[in-house]
Structures are given as structure tokens and as C-alpha cells.
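Peer 1: Read off the chains here:
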Amino acid sequence: MTNLCTNFIHVGQIHVDRGSTSISTVLGSCVAVCLYDKKLCIGGMNHYLLPFWNGNGLQSLKFGNISTPKLIEAMLEQGSNIGNIEAKIFGGASIYFLNSNQNIMVGEKNILVAKEILNDYKIKIVAEDLGGTLGRKIQLNVQNGKVLLKYTAKSDF
Amino acid sequence: MQNEEQKEILENEVKFLSKKILDLNKKLIESKKAETLFLSLIANNFNNPMTAILGMLPHLKIQDDAKNEKIFATIRQEALSLDFKIQNLITVAEIESGNSQNSYSLTDIQKIVNEIIQDLRYVIDEKKSKIEINNLLKSRIIIDSKKVYTILKNLIANGCMYAPDDATLFVELSIENSALKILVKNRGTLPKVNSKPEVFTRFSQKIDNSHGLGVGLSIVRELCENLCGSVDYDAENNFVTFKVLLPLNKTVQDSEACGWDEFLFESFDNAIEI
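So the sequences go chain by chain: L and H.
At the far end of the first sequence sits residue 163, using our numbering, and the numbering has no gaps.
At the far end of the second sequence sits residue 420, using our numbering, and the numbering has no gaps.
If you're looking for bench data, these hints aren't it; they were derived computationally from the structure.
Just so we're clear, the structure is a prediction, and the values are computed from it rather than from any experiment.
Where is the CB? At the ideal position from N, CA and C, for every residue including glycine.
Keep in mind that a hint or two might mislead.
Claimed, not checked - Quick list of simulated restraints, FRET-style, between CB atoms: (1) L/Lys-130 / H/Phe-192: 51 to 59 Å; (2) H/Leu-163 / L/Val-132: 46 to 54 Å; (3) H/Asn-158 / L/Ile-131: 14 to 22 Å; (4) H/Leu-206 / L/Ser-26: 50 to 58 Å; (5) L/Gly-61 / H/Leu-206: 54 to 62 Å; (6) H/Leu-156 / L/Lys-128: 28 to 36 Å.
Unchecked claim - Pairs of lysine-lysine, DSS-like flavour, derived with a Cα cap of 25 Å: (7) L/Lys-76 / H/Lys-165; (8) H/Lys-166 / L/Lys-76; (9) H/Lys-257 / L/Lys-128; (10) H/Lys-173 / L/Lys-128; (11) L/Lys-121 / H/Lys-161; (12) L/Lys-130 / H/Lys-213; (13) L/Lys-121 / H/Lys-292; (14) L/Lys-121 / H/Lys-165; (15) H/Lys-331 / H/Lys-292; (16) H/Lys-213 / L/Lys-76; (17) H/Lys-273 / H/Lys-331; (18) H/Lys-173 / L/Lys-121; (19) L/Lys-128 / H/Lys-161; (20) L/Lys-128 / H/Lys-166; (21) H/Lys-173 / L/Lys-76.
Please take these sequences and the hints and turn them into a complete structure.
Peer 2: This is the structure we're talking about:
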């Protein structure tokens, strides 16, 4: 599976694909929503940093409440039917900064936003690996919808 | 035990408040939908005609008439000004659609500044601005040249537009703690805002009419954050200084970065399959 052509996504990006390819990313307190249409074998992933766009600045995809609906729309544009899409969600670790006051439960809020939005769209979450204190590397195989997950050392993200 | 209970109460509180924020945000996004659609329409529909106008302008034959020459110069200036605004709206549309990917290459920042000064000649001449560049960079650096161009162009354009005539704009380029530091300082004042983020907010209602719409600075902030950097400003003694910091470590130019993004993925041995 790791030999598949991999599309790496950074914070604030989404990628939707089909065929023999994979989508991968590295997560800390960020969350990635992986969507898979098992009928058409279309896979998509986002990677967002913060839960909410608060009206300041642009509506970029680094915000969960902007990025996740955009990912769903991108899947629908590819021909997916909402009823055939299932979700796997990853990330949302509690990353403690040097100054512990900066830890404002970003990971938890990111997780909550993913779950709420998927629930709004009635997309079933079939698997998840969330929270904790370690980062994650994930790779979504677009051929079969399986996700490879490995925990990272703290210095990796 | 008591700590555990307190933690659970806190977590529940955060969940409750986060749901509230999410609901309020839905309404906010809904109310801004028209703006977003408008921006994306402009980006798509205005760009091609503008490109055609800019392409044809140099081929127009000017009659030997000083009046015509002046009209021609005005049309050219207005076309360049409009094109700059359209390019900014296209950048906004790209950012908001997620099509703004980073592309790193070995870049000569001085060349970028020179190109910007050339492209903004119409504003610089109109305002009779002088530009002083203090380039402390000893060599080329690996960075996203297109994004740096857009960041610098907006800061320099603002610096000229919102300064008095005949003013001098100072641009300083240096390295500070493994980051590219860009300072753009001009004489002038900033719009009166309650908090700094309002200056970087597009179409902010609170910004007075004598300043822009906030589109340029909202782009600057977003592009800086895309490059893992930051932008901030200080205003004192009738001078405004914008400071941009763009980290340079961990960047590899794309042409030499065969698979660099995947270096963390060399091995998925013992990975969990979900």
C-alpha cells in the first residue's frame, strides 16, 4: 500500500481522488476527516488546524467548519452520493506547548466540530482514532478506503 | 478524584460552548455566502477581459497629441490598478477554495522587490513616492516566490497609497532567527480599529472610508500563515511599520524535493490498518 502514488496534504488543504492512489498527512492537534464512497471508490481527506472560522480573515480551509463541508462538497462534485459516503476521523491530540496556558483544548474542539458536521450531513463515522498526546501519520488508500495509521514521535509535527 | 471531576466538568463545558459557537458560525458563514460567491464570480469573469485589455494597450497607436497621450496614460494606470485588485480577488478565491498550494523555489527577493516597484510604477509616480530598500540578505533563499510577491506587493502598494505625497517608503529585508524578515515602513496612519485583527479582515465594517476594504491585508495575513509565518504592525509617531516573518527552516525547493513530503512515510511497517 505504501508503494501507491501518495498525495501529501498540508494544513488547510483537501484532496479528493479515485483510482490507485493514496492520500496522506501528519497530524498533531489538527484533525483529518477521511471520506470514502465505497460504491464509486472515491476517497477524500482534509487537514484542518482550528475548529471555527470566527469571521476574521478569509474563510480558508484551515478551519474545520469551512474545510469539512468543502470536502463533502468536493466528494459530491465527483459524483458521490451522500448515502454511500462513510467517514473515518483522526487526530485531535492534546499537544502541550512550553507555556501550558496556550493549551486551550484545540484538539478536543477540532474533534467535536468534525463529529457535529458529519452528523449534520448524516455521514456515518465508521472508524476513529482521536485524542491522546501523540501525533499521527495516516495514509488513506483510495482503492479500498483503508487507512494506515502510525503514531509519531513528538518532534515529527 | 476531585481533579478528575473538575476535568470532566470543564470538558463538558467546552463541548457545550463549542456546539454553541458552531451553531453561531453556521449563521455567520450563511450571511457571508453572498460575499464569497461575489468574489469568486469576479475572479472568474473579470480576469479574462482585463488580461486582453492589458495585452492590447501597448499596441495602441498614440497620435501626436499631448492630450491623447495623457488620456492614454490615465487609461493604462487605471487598467493596471484594476488588474491589481482583480488579482487580489483571484487570490482570495483561490485561498477560500483551497487551491492555494505552496511551491518552493530558490528565490532572489531583491528581484521580486524590483519587479513589484516596476508593476506599481503607476501608484509610485502618482504619489511621487520614493522607495528605499535595505537588503541585508546575502544570498537567494528557498521560499514560495509567488506568495512573497503577493505579500510584498500588497504591503508596498498600501504603503504608497495611504501615505502623503512625496513620502519615502522603507523596505528592509533580512534574516532573523532562521526566518525571512520583511519590514515595510511608511509615513501615515492606520484605520481606527478596536483590535488588530480587524485591520486584516476583508470588508470590515469598522474600517473608515479613507482606507481600503481590507482585502489586501487579509490576503497578506493568510499567505503568511500558509507559509507558517506571521504578520504584525506597529503604528507610532505617524509611521506605520508592517513586519512579516516567514520561517526558512525545513523548506526544500520543489525541484529537489522528490518525495520530501513523504519522508515521514518511508516505512509503514507495524502500522495499524483501520
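Peer 1: For every hint, state whether the structure bears it out.
Peer 2: Right, here's what the structure says about each hint:
Look at L/Lys-130 against H/Phe-192: about 42 Å separates their beta carbons, and that is not inside 51 to 59 Å. The hint said 46 to 54 Å for the Cβ distance between H/Leu-163 and L/Val-132, and at roughly 28 Å that hint is violated. At about 21 Å, the CB distance of H/Asn-158 to L/Ile-131 agrees with the hint of 14 to 22 Å. For the pair H/Leu-206 and L/Ser-26, the supplied restraint of 50 to 58 Å holds, since their beta-carbon distance comes to about 53 Å.
A hinted range of 54 to 62 Å is violated for the C-beta pair L/Gly-61 and H/Leu-206, which are about 45 Å apart. Taking the beta carbon of each, H/Leu-156 and L/Lys-128 are about 30 Å apart, inside 28 to 36 Å as hinted. With a C-alpha separation of about 19 Å, the suggested pairing of L/Lys-76 with H/Lys-165 holds against the 25 Å cut-off. Restraint check for H/Lys-166 and L/Lys-76: satisfied, since their Cα atoms lie roughly 21 Å apart, inside the 25 Å limit.
A distance of roughly 52 Å separates the Cα atoms of H/Lys-257 and L/Lys-128; the hinted pair therefore is violated under the 25 Å criterion. The hinted pair formed by H/Lys-173 and L/Lys-128 meets the criterion: a straight-line CA distance of about 20 Å does not exceed 25 Å. Distance restraint check for L/Lys-121 and H/Lys-161: the Cα-Cα separation of roughly 12 Å lies within the 25 Å cut-off, and the hinted pair is therefore satisfied. For the suggested pair L/Lys-130 and H/Lys-213, the alpha carbons sit about 69 Å apart, so the restraint of at most 25 Å is broken.
Under the criterion of a C-alpha separation no larger than 25 Å, the hint pairing L/Lys-121 with H/Lys-292 is inconsistent with the structure, at around 36 Å. For the proposed pair L/Lys-121 and H/Lys-165, the alpha carbon gap of about 11 Å is at most 25 Å, so the pair holds. Under the criterion of a C-alpha separation no larger than 25 Å, the hint pairing H/Lys-331 with H/Lys-292 is consistent with the structure, at around 22 Å. Of the supplied pair hints, the one linking H/Lys-213 and L/Lys-76 is violated, its CA atoms being roughly 52 Å apart against a limit of 25 Å.
For the given pair, H/Lys-273 sits about 16 Å from H/Lys-331 by alpha-carbon distance, which is consistent with the 25 Å threshold. Only pairs whose Cα atoms come within 25 Å are accepted, and H/Lys-173 paired with L/Lys-121 is accepted, the gap being roughly 19 Å. Distance restraint check for L/Lys-128 and H/Lys-161: the Cα-Cα separation of roughly 20 Å lies within the 25 Å cut-off, and the hinted pair is therefore satisfied. For the hint linking L/Lys-128 to H/Lys-166, the alpha-carbon distance of about 19 Å falls within 25 Å, and the restraint holds.
For the proposed pair H/Lys-173 and L/Lys-76, the alpha carbon gap of about 16 Å is at most 25 Å, so the pair holds.
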